[in-house]
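Spelled out, the chains give:
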Amino acid sequence: DGGITQSPKYLFRKEGQNVTLSCEQNLNHDAMYWYRQDPGQGLRLIYYSQIVNDFQKGDIAEGYSVSREKKESFPLTVTSAQKNPTAFYLCASSPRSGGNQPQHFGDGTRLSIL
Amino acid sequence: KQEVTQIPAALSVPEGENLVLNCSFTDSAIYNLQWFRQDPGKGLTSLLLIQSSQREQTSGRLNASLDKSSGRSTLYIAASQPGDSATYLCAARDDKIIFGKGTRLHILP
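Respectively, the protein sequence lines represent chains H and S. Per the working numbering, the very first residue in the first sequence carries number 1; after that it's consecutive. Per the working numbering, the very first residue in the second sequence carries number 1001; after that it's consecutive.
In isolation and in its complexed conformation, chain H is listed as follows:
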C-alpha cells in the first residue's frame, strides 16, 4: 500500500544531542513537508521541499535542518540549537506544492527530552 512512513514512533533526546527523524513516502509525490504540533495547537510548518535537492524554510525553521537527496526521503534533524524540541512531529507529502493538491500525512514521531 502507498503511504508515508515516519520512524521512530517515539524518540528521546539528551541535552546537547542532535536527533534525526525519518520520513519515507512511496506515493511518488514531489513535495514533502515537516510540521510541528504542540498540545492543543495547530500544526506549524518547519521546512518543505518541492523537488529533490531543494528545500525552503517554513515558519519555525530555527534549530532544525533537512535534506532531500532522494524523492522518497525527507529526514529532519533536530539540533541542539532547538531549545524546546519536545513536540509531535508530522511529515506530509503532496503531488506538488501549491495549487489544489491535498496533503497526505504520516503517523508522526513524538520527541521528548530526557
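Keep in mind that the hints were calculated from the coordinates and are not lab data. Note that the coordinates shown come from a computational prediction; the quantities given were computed from them, not determined experimentally. Virtual Cβ for every residue (Gly too), placed ideally from N, Cα, C. It is possible that part of the hints are untrue.
[Stated by the list, open to error] DEER-style ranges, computed between Cβ atoms:
id: 1; chain 1: H; residue 1: Q17; chain 2: S; residue 2: P1014; range: 42 to 50 Å
id: 2; chain 1: S; residue 1: P1040; chain 2: H; residue 2: F12; range: 18 to 26 Å
id: 3; chain 1: H; residue 1: K57; chain 2: S; residue 2: P1109; range: 24 to 32 Å
id: 4; chain 1: H; residue 1: Q17; chain 2: S; residue 2: N1063; range: 43 to 51 Å
id: 5; chain 1: S; residue 1: S1012; chain 2: H; residue 2: E15; range: 37 to 45 Å
id: 6; chain 1: S; residue 1: L1019; chain 2: H; residue 2: N84; range: 29 to 37 Å
id: 7; chain 1: S; residue 1: P1109; chain 2: H; residue 2: K14; range: 38 to 46 Å
id: 8; chain 1: S; residue 1: E1003; chain 2: H; residue 2: E62; range: 35 to 43 Å
id: 9; chain 1: H; residue 1: Q17; chain 2: S; residue 2: G1041; range: 31 to 39 Å
id: 10; chain 1: S; residue 1: N1063; chain 2: H; residue 2: G63; range: 35 to 43 Å
id: 11; chain 1: S; residue 1: P1008; chain 2: H; residue 2: R44; range: 18 to 26 Å
On the provided structure of chain H, position chain S as indicated by the hints.
The following block gives chain S in isolation, referenced to the frame of chain H:
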C-alpha cells in the same frame, strides 16, 4: 498574514445528532480549504478538500462548505457516531498552508 480559527475548541454531543464545526480565515485569497481528522497520537487523515472555485464537497455523512467572501468554512456531520470522536482540523492554503488549532469532538454513546 493568514490566521485560521476554529470554534468551538471542544464539543460533546449525543450519538445520532447532526453537528456543525466552524472554521474562519482572515485572508480570502486562498487556493483551497481542507478538513482533516486526527485521532489521539496519530497523524492527519484528509476528509474533504474544497477548491477556491467550489462551494461545497460531500463524502458520505460529511459535507463541507466554503464561503470565501465571508472567510468561513463549515464541516457538517450527519447522524454522528461514537467513531466520529476525534479532533478535526481545518487548513487554509494560499502560498502556505495554515492550520487552525482544531475542534475536539466527543460523541456520547
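Hints, verified against the model:
no.: 1; hint: H/Q17 with S/P1014: 42 to 50 Å; result: holds (48 Å)
no.: 2; hint: S/P1040 with H/F12: 18 to 26 Å; result: holds (20 Å)
no.: 3; hint: H/K57 with S/P1109: 24 to 32 Å; result: violated (46 Å)
no.: 4; hint: H/Q17 with S/N1063: 43 to 51 Å; result: holds (47 Å)
no.: 5; hint: S/S1012 with H/E15: 37 to 45 Å; result: holds (40 Å)
no.: 6; hint: S/L1019 with H/N84: 29 to 37 Å; result: holds (35 Å)
no.: 7; hint: S/P1109 with H/K14: 38 to 46 Å; result: holds (44 Å)
no.: 8; hint: S/E1003 with H/E62: 35 to 43 Å; result: violated (21 Å)
no.: 9; hint: H/Q17 with S/G1041: 31 to 39 Å; result: violated (24 Å)
no.: 10; hint: S/N1063 with H/G63: 35 to 43 Å; result: holds (41 Å)
no.: 11; hint: S/P1008 with H/R44: 18 to 26 Å; result: holds (22 Å)
This entry does not satisfy hints 3, 8 and 9, going by the numbered hints stated previously.
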